[in-house]
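> So the chains spell out like this:
2 protein chains.
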Amino acid sequence: MAGIKDVARRAGVGVGTVSRALNGSGYISEETRKKILEAAKALDYQPNELAKNLYRNKTDFIGIMMPNLEHPFFASLLKHLELELYRYGYKCMVCSTEDIDNREREFLDMLKRNVMDGIIACVDLPGDEEPETERPVVTLERNWGGGIPMVHSDHAMGGKIAAQVMLEAGCRKVLHLYSQGKDSPFEQRHRVFREIMSAHGVQLVEAEAEWNHMSYGYDLEMARRCVRQYSDVDGIFASDVQAFGCMAAALEMGKRVPEDLQIVGYDGTEITRMTYPTLTCICQDLPRLAQVSVQTMVALLEGKPYPEDLVIPVALQKGGTVRWT
Amino acid sequence: MAGIKDVARRAGVGVGTVSRALNGSGYISEETRKKILEAAKALDYQPNELAKNLYRNKTDFIGIMMPNLEHPFFASLLKHLELELYRYGYKCMVCSTEDIDNREREFLDMLKRNVMDGIIACVDLPGDEEPETERPVVTLERNWGGGIPMVHSDHAMGGKIAAQVMLEAGCRKVLHLYSQGKDSPFEQRHRVFREIMSAHGVQLVEAEAEWNHMSYGYDLEMARRCVRQYSDVDGIFASDVQAFGCMAAALEMGKRVPEDLQIVGYDGTEITRMTYPTLTCICQDLPRLAQVSVQTMVALLEGKPYPEDLVIPVALQKGGTVRWT
Numbered sequence: 000m001a002g003i004k005d006v007a008r009r010a011g012v013g014v015g016t017v018s019r020a021l022n023g024s025g026y027i028s029e030e031t032r033k034k035i036l037e038a039a040k041a042l043d044y045q046p047n048e049l050a051k052n053l054y055r056n057k058t059d060f061i062g063i064m065m066p067n068l069e070h071p072f073f074a075s076l077l078k079h080l081e082l083e084l085y086r087y088g089y090k091c092m093v094c095s096t097e098d099i100d101n102r103e104r105e106f107l108d109m110l111k112r113n114v115m116d117g118i119i120a121c122v123d124l125p126g127d128e129e130p131e132t133e134r135p136v137v138t139l140e141r142n143w144g145g146g147i148p149m150v151h152s153d154h155a156m157g158g159k160i161a162a163q164v165m166l167e168a169g170c171r172k173v174l175h176l177y178s179q180g181k182d183s184p185f186e187q188r189h190r191v192f193r194e195i196m197s198a199h200g201v202q203l204v205e206a207e208a209e210w211n212h213m214s215y216g217y218d219l220e221m222a223r224r225c226v227r228q229y230s231d232v233d234g235i236f237a238s239d240v241q242a243f244g245c246m247a248a249a250l251e252m253g254k255r256v257p258e259d260l261q262i263v264g265y266d267g268t269e270i271t272r273m274t275y276p277t278l279t280c281i282c283q284d285l286p287r288l289a290q291v292s293v294q295t296m297v298a299l300l301e302g303k304p305y306p307e308d309l310v311i312p313v314a315l316q317k318g319g320t321v322r323w324t
Numbered sequence: 000m001a002g003i004k005d006v007a008r009r010a011g012v013g014v015g016t017v018s019r020a021l022n023g024s025g026y027i028s029e030e031t032r033k034k035i036l037e038a039a040k041a042l043d044y045q046p047n048e049l050a051k052n053l054y055r056n057k058t059d060f061i062g063i064m065m066p067n068l069e070h071p072f073f074a075s076l077l078k079h080l081e082l083e084l085y086r087y088g089y090k091c092m093v094c095s096t097e098d099i100d101n102r103e104r105e106f107l108d109m110l111k112r113n114v115m116d117g118i119i120a121c122v123d124l125p126g127d128e129e130p131e132t133e134r135p136v137v138t139l140e141r142n143w144g145g146g147i148p149m150v151h152s153d154h155a156m157g158g159k160i161a162a163q164v165m166l167e168a169g170c171r172k173v174l175h176l177y178s179q180g181k182d183s184p185f186e187q188r189h190r191v192f193r194e195i196m197s198a199h200g201v202q203l204v205e206a207e208a209e210w211n212h213m214s215y216g217y218d219l220e221m222a223r224r225c226v227r228q229y230s231d232v233d234g235i236f237a238s239d240v241q242a243f244g245c246m247a248a249a250l251e252m253g254k255r256v257p258e259d260l261q262i263v264g265y266d267g268t269e270i271t272r273m274t275y276p277t278l279t280c281i282c283q284d285l286p287r288l289a290q291v292s293v294q295t296m297v298a299l300l301e302g303k304p305y306p307e308d309l310v311i312p313v314a315l316q317k318g319g320t321v322r323w324t
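Chains C and F supply the protein sequences, listed in that same order. Oh and the first sequence: position 158 is 157 in numbering that gives the first Met the number 0, straight run, nothing missing. Oh and the second sequence: position 197 is 196 in numbering that gives the first Met the number 0, straight run, nothing missing.
Same shape as in the complex, but just chain C:
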């Protein structure tokens, strides 16, 4: 492969001149620049990005930390984040944390060693310390404190819509599958849902899923166990995958959906539109969550003010798992 020295030799100039010409820095006559570009083209010269990175102290890599890359919410989020980063000229490095102890810490250390320019984190901050890094971090749906910008869905709105759907559908005893992170904006969804259910005298049965345990297998197993244990409920509110697990377990027990049991999912990933009946659910706006996260990251990198509103509205998807009047 041709190097910068080969280009210099062919163009009949020094290596420094080639470097200036290709980086667009410093004065070079038009004639010399042309000679150099022709030489680079003739030799199929590819500049070594490693040298450029060292010079700029920048890699154009953004790290994405997620608990699980296979889970439909995170898979879809990653798709949109990657696309959005590409639009701004950034490359996307991924790290899934669920299966390996202490990976969050290792990944943050890479930020310190300049492996990437910033991190978008969809996982909790490891340990209790503040992230000590000079490079920017943006979180998605996780509260890292310390003034770190957090982009998240309007979960209070999500809890409210779900509760209204349950009430209008006439549910009297509802199973609520939830999970609880430290200071997570997610709490809002649970809090508002509980308040409205309770204010209207609807009985609530609650089951807590492990926070950050995001596999299909875990969700389906837990859903099945809960549906068997609380077989007298007439409504269920749970994340998409859990909601499918509940529906499967109920159908297997001979129940009819929505006649005997009404189900409302949360997330609104693609899988909710894949079955008959389709799942009634609260949809998080994944493209917008990704867009605002990346805009915030880019603003931090460029030292500019970032979007003021980091809370993204959710919307209702009316599916066949609820009786609509």
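Please note that the accuracy of each hint is not assured.
[As the list claims (entries may be wrong)] In silico lysine to any residue, SDA-like type, Cα no more than 25 Å apart, as pairs:
#, chain 1, residue 1, chain 2, residue 2
1, F, 111, C, 214
2, C, 57, F, 85
3, F, 4, C, 112
[Claimed, not checked] A few chain C residues facing chain F, derived, Cβ under 7 Å:
#, residue
4, 45
5, 112
6, 113
7, 274
8, 275
If you are wondering where the hints come from, they were derived from the structure by calculation, not from laboratory data. A virtual CB, placed ideally from N, CA and C, is assigned to each residue, including glycine.
Place chain F on chain C using the hints.
Positioned in the frame of chain C, the structure of chain F alone reads:
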């Protein structure tokens, strides 16, 4: 942040000595090494990986090219690839190609510029040319020719098992949704399935999906159209997402699964175990596909021989969408 000069000053040695001590290259007395490590620790010195990368001409990044990061097959594959790369000390950079023209070409150019050490590609080679790179490429389920190692499932076995299931279930007219890549190992699945169906006098109706068009929306729309158009079939063989789309459309038309219509999926991703009935399907061994791809990549990077057998067996998952006798 402390730099290498600060460490040298604190330890009372030269910068070159610090560099040798931290890289483990060249002779340094035990006493000096200890002094340097203590200074580095006291200053919380983080070596700049950009300098190390330039020195080694290596980044420990492996690029993963996929058509779509949200599709359940690729999302699951990415999860396993990332985990496997981590085991070997490699970082994972992703690129999805479906939504942007010519991204494959751009990504390959990054390999030339040393942004990463190698590429694992789950997409077709852009254009007709051979990839001209000195760094290794491994493909997954895509044939790039030119001696590039290709890891893939045993699709001939997959086609055979699917055909046997259809025959044993007594299907007489089968809808076969397929897609066709250039020289893809995938063809085997279609070829063997057709041959066995035809040898046993089963009528085959075929619909071709666009190759590399991997979104849920496209698959579900196509499935619905086909089920309406060929409403008299008694069996369907299609990829997981398409199979779900077919099942939903059939149920919506009042058909019963498996009494009126038997369905066999292909891929065996997590979504196939999420519903009632669960999907009967041919499961690709995603952890093993990832493992062998990464082993092959690491062998190429280290100049060692790579695994001889790059064809991974598939297995039958007996679900409720087929009548078992």
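> Now, for every hint given, state plainly whether the structure supports it.
Here's how the hints hold up against the structure:
1. For the proposed pair residue 111 (chain F) and residue 214 (chain C), the alpha carbon gap of about 37 Å is over 25 Å, so the pair is violated.
2. Of the supplied pair hints, the one linking residue 57 (chain C) and residue 85 (chain F) holds, its CA atoms being roughly 23 Å apart against a limit of 25 Å.
3. For the proposed pair residue 4 (chain F) and residue 112 (chain C), the alpha carbon gap of about 16 Å is at most 25 Å, so the pair holds.
4. For residue 45 (chain C), the interface hint holds, the least distance from its beta-carbon to any beta-carbon of chain F being 4 Å, beneath 7 Å.
5. Interface restraint check for residue 112 (chain C): the shortest CB-CB distance to chain F comes to about 4 Å, inside 7 Å, so the restraint holds.
6. The closest approach between the C-beta of residue 113 (chain C) and any C-beta of chain F is roughly 5 Å, which is under the 7 Å cut-off, so the hint is satisfied.
7. Given the 7 Å rule on beta carbons, the hint for residue 274 (chain C) holds: about 5 Å separates it from the nearest Cβ of chain F.
8. For residue 275 (chain C), the suggested interface contact is upheld, since its CB lies about 4 Å from the closest CB of chain F, less than 7 Å.
Violated hint for the displayed structure: number 1, the only one.
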